[in-house]
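**Q** Each chain, written out:
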Amino acid sequence: MSTCGLAAGAGPVYTEIKEQLDRRGVEAKVVNVGCIGACYAEPLVEFIARGQPGVIFGGVTEGRVEEIIEGYLSGDVSGAFAVRERKGNLRGTDDVPLLDEMDFFKHQTRDAIENCGVIDPESIEEYVLKGGYMGLKRAVTEMTPEEVIETVATAGLRGRGGAGFPTGLKWRFTRQAPGDKKYAICNADEGDPGAFMNRLNAEGDPHRVLEGLIIAAYAVGADEGYIFVRAEKPLMASRLETAVRQARSHGVLGDDILGSGFSFDVRTVLSAGAFVCGEETALMSAIEGKRATPRPRPPFPATQGLWGKPTVINNVETLAHVPTILRKGQEEFSRVGSERSKGTKVFCLTGAVRRTGAAEVPLGTSIRSLVFDIGGGPLEGRTFKAVQTGGPSGGCLSAEYLDLPLDYESLQSAGSIMGSGGIVVVDDTTCTVDLARYFLSFTTAESCGKCTPCRVGLKRMSEILVRITRGEGRLEDVGTLERLSRTILDASLCALGRSAPNPVLTTLRYFREEYLAHIRDKRCPAGVCNALLKGYNVTDDCRGCGVCERECPNGAITLTGTEDGGKAVINESVCVRCGICMDACPFHAIQEVW
Amino acid sequence: MIETEIDLVEELCVEHCIGGNPEAELIPLLQKIQESLGYLTKTSLLTVAERLRVPPSRVFGVATFYHQFRLRPQGKHIITVCRGTACHVAGVTNVYEELMKLLDISPHEDTSPDGLFTVHQVRCIGACSLAPVIKVDDRVYGRLDQERLGEILGSFKEQRPDE
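Chains W and Z supply the protein sequences, listed in that same order. First residue of the first sequence: 1, per my numbering; consecutive thereafter. First residue of the second sequence: 1, per my numbering; consecutive thereafter.
Simulated from the structure, these hints should not be mistaken for laboratory data. Among the hints, erroneous ones may be present.
[Stated by the list, open to error] Only pairs whose alpha carbons sit at most 25 Å apart, straight line, appear in this in silico DSS-like list of lysine-lysine:
# : chain 1 : residue 1 : chain 2 : residue 2
1 : W       : K290      : Z       : K32
2 : Z       : K101      : W       : K290
3 : W       : K87       : W       : K106
4 : W       : K459      : W       : K522
5 : W       : K309      : W       : K181
6 : W       : K328      : W       : K137
[Stated by the list, open to error] Simulated DEER-style distance windows between Cβ atoms:
#  : chain 1 : residue 1 : chain 2 : residue 2 : range
7  : W       : T141      : Z       : E10       : 17 to 27 Å
8  : Z       : D7        : W       : R84       : 24 to 34 Å
9  : W       : V336      : Z       : C17       : 43 to 53 Å
10 : W       : R470      : Z       : F156      : 32 to 42 Å
11 : Z       : V136      : W       : D22       : 53 to 63 Å
[What the hints assert, rightly or not] To give an idea of the interface, some chain Z residues facing chain W are shown, with a C-beta separation under 7 Å as derived from the structure:
#  : residue
12 : E23
13 : A24
14 : L26
15 : I27
16 : L37
17 : S57
18 : Y66
19 : Q68
20 : A86
21 : H88
22 : A127
23 : C128
24 : S129
25 : G142
Every value quoted in this text rests on a predicted model; they were computed, and no experiment measured them. The beta-carbon is built from N, C-alpha and C at its ideal position, and this holds for glycine as well.
Please work from the sequences and hints to get the whole structure.
**A** Structural data, given as structure tokens:
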């Protein structure tokens with residue numbers, strides 16, 4: 001059970017399962033696990049009996065629990081979502097797909113999230129049974145810090161938080177920086193709308209993240225560390241805290257780790273919430289108890305970080321890859337991926353796609369494979385329009401970029417960024433101008449206010465975009481937006497400002513016609529920008545029932561004739577275009593006119 | 001009433017100032033105070049400034065910078081509306097507008113006149129696959145539409161005020 005499962009109703013399902021099993025006197029252990037990433041089928045419940053394959057049921061509701069348990073106990077599992085293996089003698093499995101052969105799973109290569117949804121995240125023993133802390137053991141007992149750094153560097157691991165900086169290099173700089181006191185920080189302040197891979201990772205397998213952090217600390221020579229977790233994601237924070245406590249009592253954290261003489265301890269800090277904390281220097285300001293404003297780099301955190309001491313900061317997912325690299329070797333990690341982007345990456349697929357969720361694929365996988373093979377393509381009756389990659393400071397790429405490989409360089413060349421790996425699919429019912437307006441309203445609000453191009457520039461861009469979506473755009477606006485974007489990109493202090501104009505630049509590049517339709521024709525082709533709605537048309541399906549007349553909050557509707565054949569008439573000058581009449585009409589007789 | 005508030009804040013200050021760097025304790029301390037009082041009162045912020053020996057401007061600066069901190073009284077239940085990208089695309093704007101209408105909250109306000117609900121907007125709860133999403137206190141509700149919104153609010157209103 002993770003945040004998404006709970007939102008889908010896993011809580012009551014869990015209680016009901018326990019009750020049903022108790023009532024039947026069935027001896028069974030009901031275990032909470034993290035999320036396997038198939039959010040579209042939540043809540044998921046897996047049944048495992050000795051000698052039988054794991055059977056997973058999807059979309060389980062409280063009301064269905066009894067029926068599922070009855071069926072399972074009688075040996076019938078028809079209607080299940082998936083089975084783990086083809087074995088045992090359960091009935092009805094022939095029609096149930098193998099989990100690994102399902103479209104959503106078969107294209108994936110899992111490393112960082114391999115244990116999510118498989119082990120109990122609150123049990124260190126289960127993590128250890130999966131090979132957990134073996135990487136740490138190898139690092140601290142068999143290798144020097146330099147060898148650890150070399151291994152991670154040759155594996156080709158790059159930061160998964162967005163910038164893609166080589167992790168080994170970052171560690172080496174911190175290692176080589178003079179000073180006795182050093183810090184290692186895990187950045188778990190996931191704030192990108194549309195991205196939840198860190199939450200899923202740390203909720204489902206917190207020990208892996210912690211192990212990665214301890215190895216990082218060993219490599220750079222830090223004795224104190226922080227896990228900086230967003231307060232808006234409380235379950236993630238509590239699972240990490242539990243992991244820290246268990247690790248301490250098992251001797252893998254604290255003094256003299258695994259008898260190696262290396263000591264390191266960590267404290268979890270709740271982030272009070274600011275998007276800019278994703279930026280390293282801003283994050284450190286927050287831990288220091290200040291407003292989270294970035295500072296100029298250099299000096300880089302590797303030489304002058306937290307409280308002026310050399311500091312290494314890594315993202316949750318970056319750290320989640322580290323234990324595997326140490327345990328299985330660098331070759332195993334760099335086996336997949338593209339030339340300059342090695343390994344796998346978790347992408348969060350959301351928006352207008354059939355199967356939403358988190359999928360881990362080799363870097364270099366095409367957008368098409370992620371959206372169509374794994375995600376199942378657009379929803380019934382809709383057409384694919386664009387993907388927004390990299391969160392609010394990423395770019396909006398059109399259908400012609402579907403074969404673009406998802407790696408750091410390719411995305412950048414298309415005007416977008418990898419960011420944390422959020423992929424929001426939009427279809428023909430989304431207006432890209434409105435989408436750009438939305439992202440700019442976000443980055444404008446999240447600008448820390450320290451430097452002028454970002455603070456003032458984004459505000460001006462936002463105002464222009466609002467105007468355009470209201471049908472008050474002017475032709476010169478397009479040029480102004482482009483000019484402001486370039487200035488903000490060039491002159492901002494940190495990555496927030498230096499990427500914030502991306503959504504506007506990419507939508508202007510790939511969907512210019514849509515801007516022009518708003519500005520020139522005062523028309524929103526996607527039918528989203530309400531201010532451009534011309535009005536409503538009452539069709540011949542109207543039976544004169546009067547529902548719309550009663551519902552209209554502004555008294556804009558009158559009925560002509562009360563007998564059969566009467567019809568609603570909308571007074572255009574009174575109508576506020578709220579759409580309530582359209583929703584209320586039982587005969588779907590009121591249509592929008594754009 | 002005021003005295004107990006000051007007592008509580010003073011107590012928390014003492015707890016947080018033992019050893020270590022008092023300045024670094026500012027954010028965790030404000031989080032604790034907000035947890036106890038529901039929001040950060042002017043008195044509590046001034047007390048913190050005095051106890052940690054930092055200028056009040058620093059304390060107010062931090063309190064107004066981060067999204068988590070509230071400087072006005074909050075309703076009995078906190079409704080958090082996710083305004084993330086996936087929720088935006090899924091039409092959370094309509095859900096939000098409906099919510100404000102149902103709760104009779106006027107623009108520029110965030111708390112219902114009966115003091116039962118305060119509506120917060122956050123950037124992303126991280127349950128994007130279930131968009132649009134809202135949270136009432138600690139419970140997360142996904143795949144929302146306007147009809148379900150009414151049911152959910154109803155279930156909270158039915159509880160007796162002293163519950």
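**Q** Does each hint hold? Answer for all of them.
**A** Hints versus structure:
Of the supplied pair hints, the one linking W/K290 and Z/K32 holds, its CA atoms being roughly 17 Å apart against a limit of 25 Å. At roughly 37 Å between alpha-carbon atoms, Z/K101 and W/K290 are farther apart than 25 Å, so this suggested pair is violated. With a C-alpha separation of about 19 Å, the suggested pair W/K87 and W/K106 falls inside the 25 Å cut-off, and the hint holds. For the suggested pair W/K459 and W/K522, the alpha carbons sit about 23 Å apart, so the restraint of at most 25 Å is met.
Distance restraint check for W/K309 and W/K181: the Cα-Cα separation of roughly 6 Å lies within the 25 Å cut-off, and the hinted pair is therefore satisfied. About 12 Å separates the Cα atoms of W/K328 and W/K137, which keeps this hinted pair within 25 Å; it holds. Look at W/T141 against Z/E10: about 48 Å separates their beta carbons, and that is not inside 17 to 27 Å. In this structure the hint that Z/D7 and W/R84 lie 24 to 34 Å apart at CB is violated, the actual value being about 57 Å.
Between W/V336 and Z/C17 the beta carbons are some 50 Å apart, a value that agrees with the proposed interval 43 to 53 Å. Under the hint 32 to 42 Å, the C-beta atoms of W/R470 and Z/F156, about 35 Å apart, fit the expected range. For the pair Z/V136 and W/D22, the beta carbons lie near 29 Å from each other, so the given range of 53 to 63 Å is not met. For Z/E23, the interface hint holds, the least distance from its beta-carbon to any beta-carbon of chain W being 5 Å, beneath 7 Å.
Given the 7 Å rule on beta carbons, the hint for Z/A24 holds: about 5 Å separates it from the nearest Cβ of chain W. Because the beta carbon of Z/L26 sits about 4 Å from the nearest beta carbon in chain W, less than 7 Å, this interface hint is met. For Z/I27, the interface hint holds, the least distance from its beta-carbon to any beta-carbon of chain W being 5 Å, beneath 7 Å. Checking Z/L37 against chain W by beta carbon gives a least distance of about 16 Å; that is not within 7 Å, so the hint is violated.
Here the hint on Z/S57 is broken, as its CB sits about 11 Å from the closest CB of chain W, past 7 Å. Evaluation of the Z/Y66 hint against chain W yields a held restraint, the C-beta minimum of about 3 Å falling below 7 Å. A distance limit of 7 Å between C-beta atoms decides the matter here; for Z/Q68 the minimum to chain W is near 4 Å, and the interface restraint holds. Because the beta carbon of Z/A86 sits about 4 Å from the nearest beta carbon in chain W, less than 7 Å, this interface hint is met.
Checking Z/H88 against chain W: minimum C-beta separation of about 5 Å stays under 7 Å; hint holds. Given the 7 Å rule on beta carbons, the hint for Z/A127 holds: about 4 Å separates it from the nearest Cβ of chain W. The interface hint given for Z/C128 holds, since its Cβ lies 4 Å from the closest Cβ of chain W, which is under the 7 Å cut-off. The interface hint given for Z/S129 holds, since its Cβ lies 3 Å from the closest Cβ of chain W, which is under the 7 Å cut-off.
Because the closest C-beta pair between Z/G142 and chain W is about 4 Å apart, less than 7 Å, the hint holds.
When the structure is compared with the earlier hints, violations turn up for hints 2, 7, 8, 11, 16, 17 and for no others.
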